[in-house]
Every structure is written in C-alpha cells, then in structure tokens.
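Given chain A's structure and the hints, the job is docking chain B onto it.
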Amino acid sequence: MDAIILQILNGLDKGSAYALIALGLTLIFGTLGVVNFAHGALFMIGAFVAVSVQRLLSLSFEQIDSTKTDFLGNPLKVKVPYVESWFGPEVGATIIDWSVPLAIIVAIPVMLLVGFVMERGLIKHFYKRPHADQILVTFGLAIVLQELVKYFFGANPIQTPAPDAFTGSFDFGAMIGFDPNVIIYPYWRLVYFGFAAVVIGAVFAFLQFTTFGMVVRAGMADRETVGLLGINIDRRFTIMFGIAAAVAGIAGVMYAPILSPNYHMGMDFLVLSFVVVVVGGMGSLPGAVAAGFLLGILQSFASMNEVKSVIPGIDQVIIYLVAIIILLTRPRGLMGRAGVMEE
Amino acid sequence: MKFLGLSAKDTRFLLIVILLTLATPIILQPFPEGSGLATFNAGYPDLMQRFAIFGIFAIGFNILFGLTGYLSFGHAAFLGIGSYTVVWMYKLLDYNVIWGLPLAVVTSGLFALLIGYISLRRSGIYFSILTLAFAQMSYNLAYSVLTPITNGETGLQVYSNDPQVLISEGETSPHFFGIVMNESAKLNLGDWQFTFNNGYYFTAIIAIVVFYISLRIFRSPFGLMLRAIKTNQTRLNYTGINTRPYTLAAFVISGMYAGLAGGLMAAMDPLAGAERMQWTASGEVVLMTILGGAGTLMGPILGAGFIKYFENIFSKINDQVLHGWFEWMPDGLEDFIIGLSHFFVGKSWHLTLGLLFMLVVIFLPGGLVEGGTRIWHAIRRDRKPKGPDPEHHPEHIPHVAEKEEF
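Chains as they are written, first to last, in our numbering: chain A, 257 to 599; chain B, -11 to 394.
Just so you know, the hints here were simulated from the structure itself, not pulled from any lab data.
In this text, a Cβ means the ideal position worked out from N, Cα and C, and glycines have one as well.
Errors might be hidden in some of the hints.
Unchecked claim - To spell it out: a stretch of chain B is covered by chain A in this simulated footprint if at least three of its residues, at any positions, have a beta carbon under 8 Å from a beta carbon of chain A; those stretches are:
hint	stretch
1	109 to 115
2	118 to 132
3	275 to 282
4	333 to 343
5	346 to 355
Unchecked claim - Straight-line alpha carbon distances no greater than 27 Å define the calculated DSS-like cross-link-like pairs of lysine-lysine that follow:
hint	chain 1	residue 1	chain 2	residue 2
6	B	K304	B	K335
7	B	K304	A	K406
8	B	K218	A	K380
9	B	K218	A	K384
The following block holds chain A by itself, in its conformation from the complex (with noise of 0.2 Å):
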C-alpha cells in the first residue's frame, strides 16, 4: 500500500509535466488545426527564462568589505547582489532565493509574446498547408530555437535550485498515519503537481466561464460560422496560441529545479507530449489532462523493482505499450471526436 502510495506520488509531477505541454498542445490543434513541433522548445524557453531571471537576480558587484581581510592582510573583496544593496541584504537575499517562483511573472509577457511573434510570423501562413509541411517548418523552428539557447546557455545543464523553504523532503507516510520515513516526497514536486492543477483549473474556467472562452469553443467547433456571425475569430486563436505558449512556458520554469534545464529537453518532452496527446484523443483537453497523468504515473508503477522482477523492462516500453493499446481498442484516443486528424 506504501508503496503504491509513493508511485502515484512519484507519477505525479512527471505526469503533470506532461498534461501541461499536452494541454499547451491540444489547444494549438484544436483551435488552428496545426500541429506544432516547436511547443517542446517552448517549454525550453520557460526553463531558460528562470535560469536568465535567476542569474540576472544574482548579478552583483565588488565591494571592499572593510571589517574582513584576505590572508595577505588586505581588505577583503567581497561580492555584492544588486538586489541585495537595493532592498537591504534580507530582502536582496529572499529575492534570490525565490527567484523560479518570480520567473514565472517574467516568463508570461515573455511567452505570450513568443506566441504572438511565432504565431503571426511564421503559423499563420502554414493553416492551409498539409499537417507534415506544419511538422517539417516547426521542427525547423525547434531546431533553431534549440541551437540559440544552446549558443548563449551553453551544451551543460544548469542548475536552478528551488526557494530554500521547498528543498527538502516532507514524510507524507506520517501524516495519513503510516510508519515515518516510508512516503517521502520533495516538497517542490507537491508544489509543482499543485501549480500543475492550478494552471489546468484556470485554463478550464477560462475557456468555460468567460465569454472570450465560450467564443473559442464555438469556434474549435465550427470555424466557419463563427466567422460568419462577424467575430473575429483569427485574432482570438491568435490569443489562444500566446496562451498556449504561456502555459508550455510557466511549465518549463517551474520544472527547472526538477531537472536542470539543458538545451534539448524540450525535444525529450516533446515526443511524450505528442504521444500523451494523440492518447488522449487529438483535440480533446479533458483527453490530453487524462492521458498526461494516467501515462505519468503508469511509468513511475512500472519502475517499481517488483513490477520490473515479474516483467524486466517493462519501465522503459510501458508508455508506448499502452498508447498501441489504447489506439487500438479506442481507435481516437480516449476522448477524441471523430473525423480529427483522419484523412
């Protein structure tokens, strides 16, 4: 029971990883029918955004700290945060440490404008193209955006720790009356399930509650007459990819203190994303929210040693075996509408 407690624990994070970028993904296909390669690399960008707000928070200068002296006996060089000499050194010094939470206030104007930029730059002229030629051009995109973060950033992973006050592991077991020390969890990975759900929460209520939400299912629905009503419809999909973009990005900065980011994880989680949207039905948002957790905590059970005794290696092929199975007793994923994406 411990156990299986744990790996639903342990599949979350992965899984809301997942269901982010799906959701990001799904709602691309689903309001401008393209299928975007480049969606992986935005949630790169997210990752380099908290890296970039990270390092410039920590930007300082020298100062001669008069009260220390080096072993030569001179004045001691010390080096001082900006922050921390504005706003005093507690403050300067709290700033740093939750600077991936405050990436997040960064990276929404910034992804948003990404969106916007690749939306009306290069998508808009590929609605009428075939779904490969959409492939082949984002992908191109992926690669460039890939090899300028890589320029800048470098080939190495970059670590980007978490706030102090989310280090450390708390002992769930004990709390729901388990033995101590069996169901340990970084706080930071409860923390990024819940900002997971949040941000799902919000996109759900944003498309179901407002009327900017109910005018862009009307017209996942039905395009046409929608524009015939006299909305116009192009600008609002526009919206809804810089909204996409915004969310595969807050994705990314909060994963960095999971995994330290590095140039070509977007492509690593791109290829999963498409296999938990299509999974989940290829326009369907409850489908790509389903199919993120449901393959991310099917992989974290499979890596369980017990399971892996019984069927060796079943860790490394459980989310392709499943995704076979599924396409081939459901044949649209789990809640795909059909006709999408058949021809």
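Relative to the frame of chain A, chain B by itself:
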C-alpha cells in the same frame, strides 16, 4: 531506346543517375587539395558511403510516405534491425557481407510485416504515433533487456572469442568475396586527389539496383494503386477495393529498404548501436524525404545527400578555416564576420539546418525537386500558362467566410 522494361524517358533518367552515381568521387571533389575551398570537398569514402546508404533509406521511405501518404515515424527501427542482423552474421559466420545483407532484408521485412499489420489499422497521426511507439519500444528494449542480443550501450561488435565458423586467415574487416570494403584506390591529378573506395562502389551499385526497383514500382499498376490511396482512400473503399494489402505491401517494402540500409551501415563499419533506432533517426529520414520532395523519384536522394553534406561539411568549418577565408578583410570586419558565422557553422551547424528546413518548407513546398524544376523552367522560359482558361474557369470570388475582416 528501351531498357529493362522502362520507357525511353525513364531509361535516359536511369542512365543519368547511374553515371552520376559512379562519377560521384570525381564530382564531389571539385576543389584542389590545400586550397581554401577544399573544406567543401565531399569526395571522401566515409561521406560518400553515407550518401548512398541514406539515399537507399530515403528511397524506401518514399515508397511508403511519398506514394501512400502514410507518415511513419518509426522507420529507424528497421535500420537498427538490419545493422544488428549483419553484425550477428559477422559474429557467427565470417566477415563476408553476403550472409548478412540478404538476411537483414528478410528480418526487417518480417518485423515490418508485424508492425505494419498492427499500425496500419489506423491512419493519419494515429498511424504515425503507433509506428513511433513501436520504434521507441525497440530502442528502449535494445538498450535495456535485450542486452544479450544487442550488447546494450556498448553496441554490438565482433570480439575475438566469437565463433566465426567460416573465418579464413587474415580476415579482419567486412568484405564481399575478398573485396575489402574499407580499401580504396587513390588517383592524383595535379592538385586534385580522387578516392575510389570499394565500399562506396559496393553501396552505390546496390543503390542503383534499388533505385531501379523503386522506379519500376512508381510506374507499375501497384504504384498507381498506392497513389490512389494517397489521393482518396475513402473513394477506393467505396469502389470495393480493400486497400490494406497494398499499404501493408508498401510498408513491408520500405521496411526492407530500411533494413538493407542498416545492413550496409554495418557492412561499412562492423558496429551496431541502439541509437540507430531512436526517433531522431526516424525523424531524419522524414526530413530528408520532405526536404528533397516527397513522392518524386530523385527527391529523397537529393534530400539525403543535402542533409548528410551539411552535417559533415558545415560542422567541420572552424575558426582556423574561417580565418583562412577572411584574412584579406580589415581586422575589425574579419572578427565581426567570424563572430557572426559562429551561429551557423562548426558546432552550431544545426542552426543552419533548421533555418534551411524552414526556408525550404515556406518557399518550396515541393522540396528541392520543385526548386530545380522552377529554375529549369526559368531558364527554358516556358513557364506554365498562368492559371486555367479564364472563360471556362471564372475567377474565384472569395466566400464570405474566407475574408478576413468584414
């Protein structure tokens, strides 16, 4: 002139392809050794072999994707299977590639039959994801559980304690009845140096044969049926034709091509690694085919050559080479240009590749072949008449919903 059941035009086309293939070691070596532009020479054996091998891979992929429109994202699995088969034959029998290559075609064909039978139950992106899933499963298994067969991360290679029952004295690398693959003849003409490599000619002859087969498939009733599937599968179904056997046949044929290409990789270099099965390798062949022009005969080969050329030549250009080129410039300008080119060459050559993909897809939807055709027409000045006859096809008046603002 007709030849081997081809029309006169196709015979001419095939002869040109044969000539170009056989003369590749000379064509790709246009710059004298030691000159500043020698970096752009591609006439060295390793690269030419890759041109031929990936050409075969892409020709095969094109039979599936170009003709039927089924986009497989898992063809690299067959590439890996082919490689493993050939290396196992080295380990069990001897270094003669004659045992391994036919077997590689057969095994990859069997795997393609199995995977295709299951995956072809779905179409569109569902088919792509199914093939991707199978290939990724093969890749992950080859890395982990199947280590006794694949030798895991190290990659499969020949060890001195392998049985090699047919081995004769002095056999240390792959050969074809005594023609050793990695031996070459060199020819020096003035400053030019040409390398004629056994391995390249071996792969090139196979490539010509499989190109001929694909030409015949393109012109056959079977090829016509495959094209009909791409155009409108629903209509075919309504006319009472079961399309599954045709798509499955195309899938198996292209899987066999991939297996042959993988086998040839192991024939050039007696190694096989799981990374050949990764999705990036599958993606590469998709890119090659689309970049060159899917559904055309020459497109996939051009695309394969183009990508492999970039991968090998652009990644080689380093600061030293750049300084050699731009030393005539004033210092400041030289530094600026070299700094700028850091984005595009050497370690960052992927950026150039990515930009090229985007440019080709945006401006040449039909791939490089379309670009060539356009240039050809521009030279010949016999452009297609602009649009259909206006009397019979009145100008299209945009539907209300197609207008942007109203």
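Hints, verified against the model:
1. 109 to 115: holds (count 6)
2. 118 to 132: Holds, because 10 residues of the stretch 118 to 132 of chain B bring their Cβ atoms closer than 8 Å to Cβ atoms of chain A.
3. 275 to 282: holds (count 4)
4. 333 to 343: Holds: 6 residues of the stretch 333 to 343 of chain B have a Cβ under 8 Å from chain A.
5. 346 to 355: holds (count 4)
6. B:K304 with B:K335: holds, 8 Å
7. B:K304 with A:K406: holds, 18 Å
8. B:K218 with A:K380: holds, 26 Å
9. B:K218 with A:K384: holds, 18 Å
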